[in-house]
Amino acid sequence: QSTTSTKNSGLYDYLLPVLKQDTGLTVNVVAVGTGQAIKNAMRCDGDVLLVHAKASEERFVAEGYGSMRWDLMYNDFVIVGPEQDPAKLRQASTALDALTRIATSGAKFASRADDSGTHKKERALWASAGIDPELGSGQWYMETGSGMGATLNTGIGLGAYVMTDRATWIKFGNKQDTTLLFDGDPALFNQYGVIPVSQKKCPTVNAQGARVFTEWLLSDRGQAAIAAYQVAGKPLFFPNAD
Amino acid sequence: MARSPRYGNLPNDANMLNPLLPIRFHDLRLKRRHRRVLDNLNLLIKDPGITVIMGPNGAGKSLTLRCLHGLIKPDRGSIALGALSVADSQRQQAMVFQHPVLLRRNVMQNLAFAKPEADHRELIDALTAVNLDDRAEQPARLLSGGEQQRLALARALLNQPKLLLLDEATASLDPASVLLIESLIRKQSQAGTKVILISHDQGQARRLADDVVFICRGQVVEHRPADAFFSHPESREAQAYLAGDIIV
Amino acid sequence: MARSPRYGNLPNDANMLNPLLPIRFHDLRLKRRHRRVLDNLNLLIKDPGITVIMGPNGAGKSLTLRCLHGLIKPDRGSIALGALSVADSQRQQAMVFQHPVLLRRNVMQNLAFAKPEADHRELIDALTAVNLDDRAEQPARLLSGGEQQRLALARALLNQPKLLLLDEATASLDPASVLLIESLIRKQSQAGTKVILISHDQGQARRLADDVVFICRGQVVEHRPADAFFSHPESREAQAYLAGDIIV
Amino acid sequence: MDALTEAFRLIITLDPDLFEILGLSIRVSLIALAIATVIGLPLGTYLAINKFPGRRVLITLLNALMGMPPVVVGLMVYLMLSRSGPLGGLGLLYTPTAMIIAQVVLITPIIAALSNQVIENLYQEYRDTFYSLGITGSKAVIAYLVDARYSLTTCILAGFGRAIAEVGAVIIVGGNIDHLTRVMTTAIALETSKGNLTLALGLGTVLLTLAILVNGAVTAVREFAKRRQYA
Amino acid sequence: MDALTEAFRLIITLDPDLFEILGLSIRVSLIALAIATVIGLPLGTYLAINKFPGRRVLITLLNALMGMPPVVVGLMVYLMLSRSGPLGGLGLLYTPTAMIIAQVVLITPIIAALSNQVIENLYQEYRDTFYSLGITGSKAVIAYLVDARYSLTTCILAGFGRAIAEVGAVIIVGGNIDHLTRVMTTAIALETSKGNLTLALGLGTVLLTLAILVNGAVTAVREFAKRRQYA
Ligand SMILES: Nc1ncnc2c1ncn2[C@@H]1O[C@H](COP(=O)(O)OP(=O)(O)OP(=O)(O)O)[C@@H](O)[C@H]1O
Ligand SMILES: Nc1ncnc2c1ncn2[C@@H]1O[C@H](COP(=O)(O)OP(=O)(O)OP(=O)(O)O)[C@@H](O)[C@H]1O
Ligand SMILES: [Mg+2]
Ligand SMILES: [Mg+2]
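The listed protein sequences derive, respectively, from chains E, V, B, W and G. Here the working numbering is used: the first residue of the first sequence is 1, the next is one more, and so on. Here the working numbering is used: the first residue of the second sequence is 1001, the next is one more, and so on. Here the working numbering is used: the first residue of the third sequence is 2001, the next is one more, and so on. Here the working numbering is used: the first residue of the fourth sequence is 3001, the next is one more, and so on. Here the working numbering is used: the first residue of the fifth sequence is 4001, the next is one more, and so on.
Everything labelled a hint here was simulated from the structure, so no lab data went into it. Check before you lean on any hint, since a few could be wrong.
Derived pair list, reagent style DSS-like, types lysine-lysine, alpha-carbon separation capped at 27 Å [stated by the list, open to error]:
1) K1115/V - K4226/G
2) K4051/G - K1073/V
3) K3226/W - K1031/V
4) K2115/B - K3139/W
5) K4226/G - K2073/B
6) K4051/G - K1031/V
7) K4139/G - K1115/V
8) K3051/W - K2073/B
9) K3051/W - K2031/B
10) K4051/G - K1115/V
11) K2162/B - K3139/W
12) K2031/B - K4226/G
13) K2073/B - K3139/W
14) K121/E - K88/E
Between the sequences and the hints, there should be enough to build the whole structure, so can you do that?
Written out as C-alpha cells, the structure is:
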C-alpha cells in the first residue's frame, strides 16, 4: 500500500526494476490516499506501508499494526495557480503569507479534502495562519474530496490555487495556463515514512518480503536510487534515512 | 357440399372407462370489469362422445372451456371431472386454442416440444395425420393460417389426452382439411377420448355432435342431444341463433 | 340455415368511377425458403362488386392479398390498380387480417387511432354498425374472438376505402354476426368500394360473390362468375376443393 | 451490519449534509433521466420501426455506447466545458449542469438501445396493421411508445440506476466540490479514499434505499395502471 | 482529434503494455459476463413466469440493484475478500478473480432485470399454451430462453457494456496493480489523475473501438442466425 503521490510521480517505475535486480523481489503497488492506505493495512491488506503523515504513522505503529517506522525520504510541496496570479502569490514571502493572500483576495483554492497526507499538511498550514477555510467551503474553498491528480484537474478547470507535491506537479500532463507560483518555504517539506506491517497483528503478512523491501529502501543502494530519480532534470525526492 | 358419412358414436367399453367423466360445472361465476361473463353456469356432461358448444359471440364459450382446462380460476363455483379436480386432471387434457400459439421454431420442433420423449417416426406420423409432413423443417410461425391450426391440433393429440378441448379449431381450414380434422376427432373420440368443441359452423356441429350445449350471456340455456337440438331448438335464444338473428 | 336475400350487385355509376380498377396481377412470383409460394400468378379483376378468393390451405391466397396491399414486395412481376401502383393506391385500400391485431387500448381508442380526426358520434356509429357499442370502454384485447374480428372490420371501414380486402374476416363469427357483416360488406360494395375477400365458407361465397378466383399452388387456376364456378367448376382442383377432397 | 447501523444513524439524525447531498443526487439524476428519456425513447423507437441503410450500424453503435466508460464521457464533457474548450464561455464546468450533461451522454444510449429492443418485438406484431392503417412517422413512434409503456419502464429504470450509481463521469465534470457538486456517489468515493469504509457503506445503503424506494414506487404505479387498464 | 491520433498510435505501434491491459480487460469482463449471464438469465426468466408471494418485491429489488453504486459493490467485495474478512483465507484480493467477482455482483442484477422484462412480454403470449402442454419448471425456463434468444442478446450486451466500462468497483478490489490487475478503465483513471488527458482519451477510444467490435460481431451473428431461422 502506498500513497498516490509517489505512484503518480513515477518513482516506483524507476525503483522497482532496480530492486528486482538487486534482490529478486517483485512488489505490487496499490496506490491510494494515505488515510485509506493506513486503514487498508490495518485490515492486513498490504505488507509494507509507504506514506506521508507522520502522526498517523506513529499511531499505526503504537497500536501494534506496524513493527517499526523509518524516515525514508522527503520532498516538498508547492502552490500552483493561474498565470494571472490574482492573489499575487509570486510576491509572497512565506507559506503562511501565501495562504493569507489567497484567503483575502477572493481567489479560489482547491483542496483535496480527502484526509490524505497532503490534505493534513494543508490543514495544518491554514491553522497556523489562523484561517478557517471551511467557512468559505463551496464559495472560494473548493473541497474536491479527490486524489492529487483529480484535484489538480479540478483546480485548473476552476482557475484556482492548489497545493501539491512537487513530484506530481512536474509530471502532471494537463497544466493548461496554470503554473508554479510559490515554493521553497521549509514549512512545505514533506516527510515520507516506511512501515512493514506487523506479523503479530497480521499472521498472513509476507514478513520476509517486507523486511527485504524495507531494508533495501533504507540501504545505501536504495537511498542512492531514490536520489538518482529525476524528472525533467530535477530530483523529486531527497533520501534522508538515518 | 359433400357430407361425409355420419359415424355412430355409441359408447363402447373404452369410453365407459374414461376417468374424467362425468364433467360437472356447478354454479360457475366469473366477473370481468364489473360484468358477469359467467353467470351461475351449471352443466353436467355425463356421456362420452363429442359435445359441441354453440352460442353467440361473447357468450362465454371460450371462458367456460378455459375454466375447465384450469387456465382461469372461476370466482365462485366448482368443476369436477369424474373423481378429479381440474388441477389433477389437467395432464390428461389437451386444448387447441382459437388463435393457436406456435413457438419460434420449426414445425418438427414444435411437436417435439410437446412430447420430448417421442421418436422421429412418431412425430412424422403425427404430421402426416394432419397433412403437414412436407412442412417439417419450416418455421412454424410462417405457416399459413390453416396450416398453423392443423399443427396445433397435431400437437394437442400427441399425448393421447383423455379429454380434448377445441375452440373453433377448424375456423380457418379449407373443406378438405375440415373433413380430415373431423375424421381425426371422430377417431379420437371412438378411441375413448371425450371431446368438447366450440363451433359456429352448423354443418360441422350436425356432422360431429352427439350433444349440443347452447350458451348465452354466461349461462347454459339448452343442453340436448344434437338431433333434438337442431330439429326443435327449445329456447328462444337458440332458435334465433340458428336462424341467424341477432340476440340481445 | 336461413339465407338472407341475394342482392344484385350490378355496377352503378359510383362503381364505374372506382379509380383502382381494373386490378391487374402480372406474372407475380414469390419465393420463400426455396419454395415458389407464388408461381407466375396472373389475374385481372375488371369489374366492381365482390370478388371471393378460394383455394386450399397454403395455396397462397393470403400472400396474394398482402402483395396487393403492399405488405410484401413480390420477387418478380407487377401489380397495377387502375392507373396507380400499389404504393400510390395504398391509402385508398383497407385490409382486415386473418388474425386481427388490436392495440393495447380500449375499443374506442382502437377506432380513433385509425381516424384521429373522427368525432365521437362517428366512432359510436361505426361501433353500432358492428354491434359493439356497449363494449366501447373495454380493453380491445380482452374481447372475445368474434368481437375482435368485428372491431377490426369497423376499423377498416372507418376511412371509406375504395378497395376493401378481407382475409377470412368472418371465420370466428356467430351466424348473426356473419349476416350482419355480409350486409355491411354488400352495402360498402354498392357504395362503390371494390371488395376482395378470402373465404373457405362456400355458403358465404355463394351469398356474396360476383366472381370467384380459385388459387392453387401459387397460381390462379380458375376465375369465373360465381354462379358458373359453383354450378360447373372447370378445373380438377376446384372440383376437388368444393367436394372436400384433398388436393396434392 | 455496521453499515446498516450507520445508514440508520445518518437518516434518523436528519444529518443536514446528508440531505443536501442526497437532494443534489436526486435532482441531477432525475433531470438527466428526463432528458435522456425524451431523447432516447423516440430514437430507439425510430430505429426499430424504420428501415434505412445504416440502420443496423446505428443500432450496433448504440449498443456499443452502452459500454462507454464514464471516465471517458467525463473527460469529453470536461474538455468541452473547460475554460479553454469550445463551450468554456458558458462557465458550466463544476456545476450541477455539467453533471447533468455528462449523465445525459451516458444514459441516453442505454435507454435508446434497450427501448429499441422492446419496440422491435412489438413491431413484429404491429407492423402490418400500422402499415395498413397508414400510421407512419412520428404518429407511429408515439403509438409504439404508448402501447409499450409498461415494458419501457424497465428501460427507464435501467437508465435511472446507471444515473444514480454513476461516479466516474460526474466526479470529473462536477469536481465533487463540497456544498456545490458533491453527490452521494462522489461522497462515497471520498469516504472510501479516506478509509471511512463504514461511513461509505452507510452512504451506499442510503443510496440503495433510495433506489429501492424509487423502483418500488414506479413498479407500484405501473402495476396499478396495468390492472386498471390491461397489459 | 488528438485522442484519435493517440488511439491510432497506440494500436499501430502494437504497444505491448496496451495489449496486456486490453487483454486483461477483455478476459475479466467476458468471464464476469459469462457468469452473470448463467445466473441472471434463468433468474430473470424464473421471476417472469412464476407467480409466488414476494415475486413483485424481488423484481423491484432487482430493478433497484441496477442502481447499485459500483464503489459500494467494490467495498463489499473488498471487505469479504480482505485478509481479515470472511473469505480472506483465499488470498483473492488484488487479483483478477476479485475483479471478476465484483463485476458479477454488479451486472447480474442488470441482466436479470432486463431479461425479466423481455421474458414477461413473451410470457403474455406463451403462458396458456405452455400451461396446456404441461411445460413447467426448468423446462419452461429453458424454452423461454430459447424462444427469446434474439431479444436477450440486447440484455447481455447491456451487461457487457457495464462490465467493460466499469471502474469504481474493480479499482477497489483489483487495486490497479501494473502487470497484474490493471485494466483499461483503471488505466484511463490513472492517466486522468496524472493529467495525461490525451492518453486517457486515446485509451478510451481504444476501449470504445473494442466495444463496437464486440457489439458488431454479436449483431452480425444474430442477424445471420435470424435470417437463417426466423424471428
Ligand atoms: N379479462 C377480461 N376482461 C374483461 N372482459 C373479458 C375478459 N375476458 C373475457 N371478457 C369478455 O367476456 C365475454 C365472453 O368471452 P368469451 O371469449 O368466452 O366469448 P366466446 O363465447 O368465446 O365468444 P366468441 O364466439 O366470439 O369467441 C366477452 O364479452 C369478452 O369481452
Ligand atoms: N415467410 C415465409 N417463409 C416460408 N414460407 C412461407 C412464408 N410465408 C408464407 N409461406 C408459405 O407460403 C404458403 C402460402 O401461404 P399463404 O398464407 O398465402 O396461404 P393461404 O392460401 O392464405 O392459406 P390459408 O387458407 O391456410 O390461410 C404456405 O405454405 C406458407 O407456409
Ligand atoms: Mg371464443
Ligand atoms: Mg391465409
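task: Hint by hint, work out which the structure violates, then give me just those numbers in ascending order.
output: Violated hints: none; all satisfied.
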